[in-house]
Amino acid sequence: MILEVRGLAAGYQGSDVIRAIDFHVDAGEAVMIIGSNGAGKTTLFRSMLGLLPASSGQVRFQGSEIVGMPAQRIARLGISFVPAERHLFPRMTVLENLYLGAYPDRPDPETDDMVMDLFPRLAERRRQHAGTLSGGEQQMLAMGRALMGKPRLLVLDEPTTGLAPKLAAEAYQALDVLRGKGLTVLVAEQQVPLAMAFSDRGYVMENGVFELEGSSEELANNPQVRRSYLGVT
Amino acid sequence: MIANILDGIVLGLQFGLLAAGLTLVYGLGGVLNLAYGQMAVLSAIATLFAIDAGVPTLPAVGVGLAVGVLLGLIFDQTILRPIYRIQGEARVLLSLLLTLGVAFIVDGYLTWRYPTEGLSIRIGGGPIDILGVPMRRGSIVASVITLLALGALFAFFRGTTLGRAVRSVIEDEEGARLVGIDPRRMLRVILALSGFLAALVAITQSMVRPVTVTAGFGITVFALIVTVVGGLGSVTGAMFAGIILGMVNNIAASYIGTFLSLLILLGAAALTILIRPSGLLGVKE
Amino acid sequence: MTERFAEATGTSLIGGTEQRASRSLASLLLPIAAVGALLALVPLWLGDSRVMMGVAVVGLTFACYAIGFNVIFGSTGQLFLCVGALAGIGGYGAAILADTVGLPVAVSILIATLLASLIGGVLSWVAVRRSLGVIFTGIITLIFALAYENLLLGLGGLTGGESGFSISSGADSFLRRQIPPYYMMLVLVLVFLALHGLLRRSHVGWAFRALRDDELAAELAGVDVARYRVYAAMIGAAMLGLAGAIYAFTEGRISPTTFGFAQVDVVVLVMLAFGGIGTLLGPILGAITFTAIDEVLIELGQLRVLVYGILIIVLFLWIPRGVIPSLQAWLRRRRQT
Chain U
1 MILEVRGLAA GYQGSDVIRA IDFHVDAGEA VMIIGSNGAG KTTLFRSMLG
51 LLPASSGQVR FQGSEIVGMP AQRIARLGIS FVPAERHLFP RMTVLENLYL
101 GAYPDRPDPE TDDMVMDLFP RLAERRRQHA GTLSGGEQQM LAMGRALMGK
151 PRLLVLDEPT TGLAPKLAAE AYQALDVLRG KGLTVLVAEQ QVPLAMAFSD
201 RGYVMENGVF ELEGSSEELA NNPQVRRSYL GVT
Chain B
234 MIANILDGIV LGLQFGLLAA GLTLVYGLGG VLNLAYGQMA VLSAIATLFA
284 IDAGVPTLPA VGVGLAVGVL LGLIFDQTIL RPIYRIQGEA RVLLSLLLTL
334 GVAFIVDGYL TWRYPTEGLS IRIGGGPIDI LGVPMRRGSI VASVITLLAL
384 GALFAFFRGT TLGRAVRSVI EDEEGARLVG IDPRRMLRVI LALSGFLAAL
434 VAITQSMVRP VTVTAGFGIT VFALIVTVVG GLGSVTGAMF AGIILGMVNN
484 IAASYIGTFL SLLILLGAAA LTILIRPSGL LGVKE
Chain C
519 MTERFAEATG TSLIGGTEQR ASRSLASLLL PIAAVGALLA LVPLWLGDSR
569 VMMGVAVVGL TFACYAIGFN VIFGSTGQLF LCVGALAGIG GYGAAILADT
619 VGLPVAVSIL IATLLASLIG GVLSWVAVRR SLGVIFTGII TLIFALAYEN
669 LLLGLGGLTG GESGFSISSG ADSFLRRQIP PYYMMLVLVL VFLALHGLLR
719 RSHVGWAFRA LRDDELAAEL AGVDVARYRV YAAMIGAAML GLAGAIYAFT
769 EGRISPTTFG FAQVDVVVLV MLAFGGIGTL LGPILGAITF TAIDEVLIEL
819 GQLRVLVYGI LIIVLFLWIP RGVIPSLQAW LRRRRQT
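Chains as they are written, first to last, in the numbering used here: chain U, 1 to 233; chain B, 234 to 518; chain C, 519 to 855.
Isolated chain U (complex conformation) (with noise of 0.2 Å):
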């Protein structure tokens, strides 16, 4: 178990907005956690992450426990995390934002060539205002900037939000590019059917809980999950 998460809460201005937050994921897996919106997945990862203080709980990545480490601690160990928002640095150029995706240590040649061969059109725009990119083109950056730290647990909020079809398609075969090569990735996603093509496994959370768990298979076929998150009647 390369992550594995028992009994986290978190909240804001003291009521918990999820609780009781039980999963696991393994070295090379690619994992999804569905729900609508507001049903806590970015509470979830922020909490997880050092963003947002855990009321209770443990998390444990690669065996050390992160719980009350700050974000950048964490980053650091090994976990690189694509918020919804990007958070990309608007008035620096795409290099410099992928080159500090590596920080503190310098680029890996290696590494910038992947993300290159992996999101053309960045390489092409590298030395534009990352502020000046379309919204496709943000997120490719989020995601390059992150995979610039090497990271052993890549994980996603939403990424195709506010994507038009065929660049939330790109941005899955990217990531399914990363798998093949080993990375292990968690994403929450509200596009279900994208990540359940993409995921090995999945949770279903809702009003803060996981109500669900399964193979994706499982889930796929699951009467539930078809009516909430498919559109299947």
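If you're looking for bench data, these hints aren't it; they were derived computationally from the structure. Check the hints yourself; a few may be wrong.
Unchecked claim - Quick look at which bits of chain C chain B covers, simulated, 3 or more residues with Cβ under 8 Å:
#1 646–657
#2 757–770
#3 825–832
It should be emphasised that the depicted structure is a prediction, and the values quoted were computed from it without experimental measurement. Backbone N, C-alpha and C define an ideal beta-carbon position, used for all residues, glycine too.
Once you've looked at the hints, dock chains B and C against the given chain U.
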């Protein structure tokens, strides 16, 4: 007229470097350091004491610069702590009030204890001719040093990993944390830098005219005006605003007197806030 | 210790406690009358000394300033760092109108007060219109204060520049005598207190509190944030201008330091922080305490500035809500145990 413009540029470069220190701290830490002028003055006084104690000029300047850096770090370890324990608007308010308090403490003590002291570094040699205007050697040396410092600053921010890391925190603090950058540590670096810049400007300014113990609040006001016009958080903006305002100040002063020329600068700052609060090149919220 | 900051009304520094909603008019007027009665006795004690009565008048003037600032900052959270300048517009304005332009004293005072009120309103309107946050409101009002000071120095012909202005108008009136100015100022203080108290209880006061605590919620609830902010600023600025104008005539002589930032704004900040920002009687407590303290500090000369610096830091770190609210909170806690 040319003399005015040249003097204005000399002054403007100083304005720019000075404002850079203030704007960086605001851009990174959200704190407006109203005790900035006092940091500059303390560094100048440290240099003065070193010279009086017999230390040769260059090492004495080193002492002053070291004091500047030290003050920045002390600021980080003392004032910034209670400020960082709160969030949002209360933090801004508290930072204004606490730094104002510190400014008063330092200013009150210095003007009481050493009311007539001031640093003045004399650069020997006759005037140098620039575009037909005889410029004092001190002004030239001060400007050259300032230009070098500005160049070094740019090289730092564009070319070094640490510099880029600092910029990233100004751009997007959460994004910086996501790539492993510790904003608090970056702030410490910037505060040390800010103290250094305040010291450098005070010391080079003393080559042009004496920097007295009472100059503290005036320095802060000028730094504030240039920072606002250039844009909170932008060093490039500070530099451009500095040079422009330096020239405006000098030209206006020679035509309508010092008090009213300050009014023009204040007006420029007010106008900037009203029309384009992010300043010339600042971070647009 | 700084947790108390966040505690005080959400994230606000302002901790005025208007716990129970409006009660009878008597419950407002009684404390004010009590304060008035007490302060009315002061001349019995200090009346012989012209110097001491002068100090007392200054103390009450600062109480007026503090109440004005309280209305602007305590009620609606607008950080106006130009208290001295607004008072100075009243002071210098009235003096120039009376002496140079030749208007009757009362008219001069009225016009100057209205001018101060107008400028306060403009500053507030501008800040609201441009959605300036705390920092920019503070900076722009500070710029105004600095501009004002420079204007005074620059227009020496009109204002007497650095050495100031001797006011000849009203020299033979009751305002220049030893004891009447004190009662004049006392009346002002009591009127301002009553005004502030009434404001707090009216729907205007409710709007103030709403927008101070949560601007967005207030707007959604239908509070016209802009309008109330400007009202508060105009009322507060009028108080400042009026107090400044009357003070000018009682002193007979004003200079830029009479209304300077370090002399007025800093002191008023400390007074209000001590007494309790947003409370009714906080300004009075602060003014009395610090007028007394200042008398002692005069001896220290420049070190006085240092002491004020320390006071600002200590007050805002450890007693951010001020003495009155802290005392109330302490009493409440004791009643609970």
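Numbers of the earlier hints that this structure fails to satisfy, in rising order: 2
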